[in-house]
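Engineer: Letter by letter, the chains look like this.
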Amino acid sequence: MNLRLWSLLLSVLCVTQFITRTTADEEVLENAERVVKSTNSRHTNNWAVLVSTSKFWFNYRHMANVLSLYRTVKRLGIPDSQIILMLSDDIACNPRNAFPGTVFNNMDQAIDLYGDQIEVDYRGYEVTVENFIRLLTDRWDENHPRSKRLLTDENSNIFIYMTGHGGNEFLKFQDAEEIGAHDLADAFAQMHEKKRYNEIFFMIDTCQANSMYQHFYSPNIVAVGSSEVDESSFSHHSDMNIGVAVIDRFTYYTLEYLEKIDKNSNATLDKLFAEYTYENVHSHPGIRTDLFPRNVSNVLLTDFFGNVQNVVVDQNNNDILYAANHEQNDIRNPAKNISANQDEFGRVVAKTHVSYKDDNVKTLVQVPLSRAHILTIITVLTGCGLWLVAK
Amino acid sequence: MALAETVLRKVHKLGLVPKLIKLIPLISFLFALASVSWLLVLPMDGFYRDTYISENALMPAQATSYFRESEWNHVRGFRTALQGIEDKAIPERNQIVEGWLQQYGLKTAYHKNNRGDDTLYAIMHAPRGEDTEAIVLTAPWSTSEGSYNVGGIATAVALLRYFKKMSIWSKNIILVLPEDGHVALRSWVEAYHTSLDETAGSIEAALVIEYGSASDHFDFYEVVYEGLNGQLPNLDLMNTINLIGYHENIGYSIQGTTRDELQKRTYSTRLRTLLKGILNLALVGLKKKTPGNEAFSGWQIQAVTVRAKGVDGPSDVTQFGRIIDSTFRSVNNLLEKFHQSFFFYLMLSPDNFVSIGTYLPAAVLLAVAYVLSSLGCLVINEVQAKFIAQSAYKILTIFIFVELGCLMLAKTLPLFVLGSDDDESVAALILYGFTVLTFASFVLSIKNQWIPKKYRMDKSLTFCLIALALFLISLLLTALLIVNFALAFLIGLAALPLTFIQPLVTTSNLKLLSESPKEKRKDLLSYLVNDGNSKRLKIGLCLLVSSPFFIIYIIGNLFVDESKGALILMKGLLTSWDELQCWTWFIVILGWFSAWSTVALSCIFGDFEIDSVESKMKKE
Amino acid sequence: MSEEKNVKNSQTERNVNTKQVSKEREDIKVIRQIILFLILGIVCMLGYPLFEQTTRIYRAELPTHEIETNFKEFNERIYYQVPVFLNAPSAWKEYMPRIQSAVDSKIGERYPNLKDIWSLELHLNERNATLEDNYTLEVEYLPHPDSEYEDYPLESFFVSPYSKATKIRITDHAAISKKSEDFIAHVLIDGIFSEELDSLTRLVQDIYSDEITVPYSSKYNVVFSLMVESGKKLSWDFKDSIDLFSPIFSRLSPFANFSVSTQTQYYSNLKFAPDFRPDYNKKVWKNGAYVISEAELSTFVNYGDWNLFSHDIHPTINFIIYVPDSYDDKPLIIENSQTNSFLIPRWGGVYIYNKKANVEELTEQELLPLMEIFSSHLAQLLGLPKNPVSPMIKMDILFRTSTYRNLKQAMENLDALVKLTNSLKEISIPKKTKDYVTKSLEYFELSLNELQKGDFGLAVEYSSRSFESSNKAFFEKEMVQQAYFPSEHRLAVFLPLLGPVFSIMLLGLIKYIQENKKASKEKAD
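Protein chains in written order, with the numbering used here: chain A, 1 to 391; chain B, 1001 to 1620; chain C, 2001 to 2525.
Hints listed in this document are in silico derivations from the structure and should not be mistaken for laboratory results.
All C-beta atoms, glycine included, are put in the ideal place defined by N, C-alpha and C.
Be aware that one or more of the hints could be misleading.
As the list claims (entries may be wrong) - Distance ranges between label pairs, derived from CB positions:
#, chain 1, residue 1, chain 2, residue 2, range
1, C, Glu2445, A, Glu130, 35 to 43 Å
2, C, Lys2232, B, Asn1056, 49 to 57 Å
3, A, Met107, B, Asn1056, 16 to 24 Å
Looking at chain A on its own, in the form it has when it is part of the complex (with noise of 0.2 Å):
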């Protein structure tokens, strides 16, 4: 009797056991399938805006800066249409530069960044604040040319670059005006609400560069800085024969770990910001990514820098032109285009077959948890009859 008493409890226990385990393992998948759905970004389209902001001949670094950015997310796949590239001065053509009609962003000289096929979009004395906020929010005239605007939607994942000299809360502009911590956040929120992004990865490299992403309060964007409030960035090597200095330390970091990097990366975020340790960077820089809802360590750094633009091919739904010039001369419109076949009425019909199926058969909603639920009551309730009977 004792014997059969425990056997039961020991049969209702594994029952349970096993149901629980199992609804218990359906959840860690779930979990483990949003995990995974999350590091898929939902963006369509990747754009990216390079701001360098200062002029003169000192600041060669700026502009190879910008540049060398250019290049790595021209080379990871962002196309020219969809990189607004704004260059305050022409260091290339320079009087001063020894190399004219280059741009170097190492003493090595291996790579010219001004090589070729640099769209510059905004160059100049068109590099200005207003220009800029202009950008962002899309507030133009009627005539401004679609190549210069930021034709960013709901699904695009904007990269935004600066680089300058900056002080707190501020990033001088052509050494004539400044651009306020306030007035980007506003600009961001503009865009948000506007759902003009998707997500923003918003980097600067300037002094006192964490103190300009501070303000921001739309959600979605992960900012990181050079250099903390009342702390300089600095450059990281000159080249002596140019005679300047030709790249900043976070900006040299920053690219030195994205040349390793192609399109079908999968390096992380916090790969990136790995690298930036003050031992590397001389200063303390700054990443804030209370505003985005992803892991960084989950996010893709070919979210950002790359594009998911992929060309269709060999995807076409036929006979459109066919179709729509059908009631034109026949002569025009050779048959055998379309790939149709006379049905018994004698009229020509679309491949199309759509046939008819009987779907009485209903889906089964799988409820796991319920069922599991009912299960253990069932088995419960039996186990007790049982013990009942064998009492």
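Start from chain A and add chains B and C according to the hints.
Structural biologist: Just chains B and C, lined up with the frame of chain A:
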């Protein structure tokens, strides 16, 4: 309010005001003392600043200079050729150099100044530049030491040849080869801005180079930076050259620092550099050995002279060239005129300086000392305001008379020197004349009882005149202390004895009252023991010491390392306006000398003895 | 004694003094008061309004309430009713309600979101009248199914590629089991309108993501470019070829206008050298072929060198015929592509055309297959559904979905504008913005009106105007808030000017009040 009232009452009760009035001369002297101590404190740690590059655009020593081995051969070649033509006259030499320059594609031209040989200059237009700005490289045929600037000219020509090959220039480059760094260069600079046909835009900076030996090596280099009328090149330019020298590992000297003390940074070296700097800045344009950079003053051109020192040492001539090259590249990087950093500063060492805000109080204190002493002159001697109002006419007449006399001297004396063939002896004659005048007033001020009573001025008028003279000096100091601190400070210091005269006069009067009057002894000792007489002597000495011409003697013989220093200084003073537009002569003669003359006149013709009536009243 | 006298004296003196002073004051006082009031008047009447006028940020009143209700109740306001005509015998009349309810319930079941937005309205067209522009179902009854094809489903339908007609065959199988209405519902919902319903569902759920479609605009530039790699002359009969598109464009005209242009460019080099594979698809290409892998395609178009940028303000759809140099009869092939063409999302289509070395002209006949492919590209770029096959229905579906999207985005834009102006207090709202807002709302109502009437062409036209006006309202040029400049700063700027004036005025006023008080007191005394 109550507190102020009680304080005022206390002041009244204790009779502080009359006590303070009595103390004015002492206070004035303390101010002067404070002024000097202020300057002495500056070289102490914590009071000066380290130099730094303020203009981001300069980027000194960031570019590699390729003025190296292969260019050395060119320097040698030019130098050998130049050595061969040392005996030829300058026009002939110019022709040869012109040939070289034209061979390298430079545009050459001459400036005819009507005093000596023509000045050859060459322009290298920057092929990709805007053609609106220029940098000048000057190599005078003879250095300030008077030697043949063979190394300098060889380097300069080689540099131009090397510059021509580079495509980095945003500014034009001008090479000037004047006869010397004095009148010839100055007249070229003036002509460049007024009459020359071939120009190349506004000159941003100028370097004058002196390499007076044919040696491949030199020891260290010296930079001379004082400009005319208190002007200095922008500190950024100085620092740029210093930094470049540091990177080339060459010793850098300013204010004649010797080889052994180049690296020394002690209180005494800093003080010496500071004082030498002040003296040199005050005397700029007056000496015979002009380095040339001061020729560019007045046109907003930052100019320095770079001088190679020593004939053997660790550095070679291409390094000298690289200093010039790197400096030119830095200036070339500029986008605006020099505007960062300081235009008014005093160097303590190549790496340390004090800016105007820090050193200016020294001159201000000095000016205050004069104002106080001028006030004291009137207050202590109880000159009534009514009296001043009444005799203002008289005072002004005397003063204007003196000033007009000085003006006449100021305008005519230089003419004598410039008009004569033997200008040195004319200058000497003028100096002797003034010396005689100075001594005459010294003697007369001691023995002013020789002047008949009827020519005597009364006491109040005398003090008014002294007060006015002192006030004039303080005005002069105030006006000068910003633009030409060195000159202001020097004059203020040299004329300081003038402030002692009034207290001496006043105290001697009081002493005379207590003594039995008219007691005379014949021997010198008793003459000196007599307080009144010793005071008289002191007054005379004060007058003598504070005379501009006495100071010229002192400075000329002690601080100018040229023979017949005083004479040269005098000649420099007389000619510097016409030749260099240096206004020191006018300041000395119209400001200092006129004030001095006024005081001297007061001492000679003043009546310091108490009127019998007055003394009687006092006794009662 | 003497002291007392003194006191008295001084008292009288004081009396005299005050008297004198007050006497002097009387006339001055009046002038002073007049001046005071004059200044006060100028400040209040002229100065203050001027200050207000010059420093105020113009903020036009927006119809906030209307926008918010439109935005919130958007799905309640919009309603599609699509008429479908059944060409069937009149005996079907009694079946009609059953068919209608089958359709309705199917929509409700499959697309619960669209239950109150979208419906089909079935009509019986007894006389089989031809209804050109309407959806018709030609019902055909086949009483005896072929026994040969037992596995083959017996009911079937065919969509005409030329009209909006659909042919349905119903057999006994369905008729007997009374499943005919289910079948008709299936044809309509799963066959004809399925893509429309799918995309509307997505739109209702705020999912706009579309990787291929060019952003909507009321006008597009379509540029056909013949890019020739070599410099050898090549002419093409573009006129007739492109004419083929005109029926499509004219049909699409309510949706958008298209302006077509062409260009020919020589020396259009690739940025990379394609791989030569000697044995790629040996059967077709005997000499081997140059092959471009799919990965390389995204960099195929040389945006920098090929002059493809139009500086027009409207979006451009590019179609490129790339004619490579013949490479000694070795063609340039896209890997795994049957048509040797590809589509660049949001941008255009590319066709690589390998011509023989001696060919100097491309005829219309040769271009026809290319144009067919481009038309397919165009359809995808504009967002035409893949099914059903009939272009007319496709366009109708495009119209309806676009109407929904346009109107919804218009209201979203206006709502965003309202939110923005509420959150940014310092941003100016120009009158133009307000005008555009009003316009947008007007077109919104007009479009809804047309929807009700069933004129989907006009509806999409109005919706597009509403959308564009809302965009213009949001993107008004003057609405740029530049330089963070809060009102405290403004006050600080003006304080040095206003402070002294104001303090003097205030003191004068206080003095005046005190005097008045004194005077009234004296009077009272």
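Engineer: Do Glu2445(C) and Glu130(A) keep their Cβ atoms within the hinted range of 35 to 43 Å?
Structural biologist: With Cβ atoms ~36 Å apart, the hint holds.
Engineer: Please test the hint of 49 to 57 Å on the beta carbon pair from Lys2232(C) and Asn1056(B).
Structural biologist: holds, 55 Å
Engineer: Hint says 16 to 24 Å; check whether the CB-CB distance for Met107(A) and Asn1056(B) agrees.
Structural biologist: holds, 20 Å
Hint check: no violations occur; every hint is consistent with the structure.
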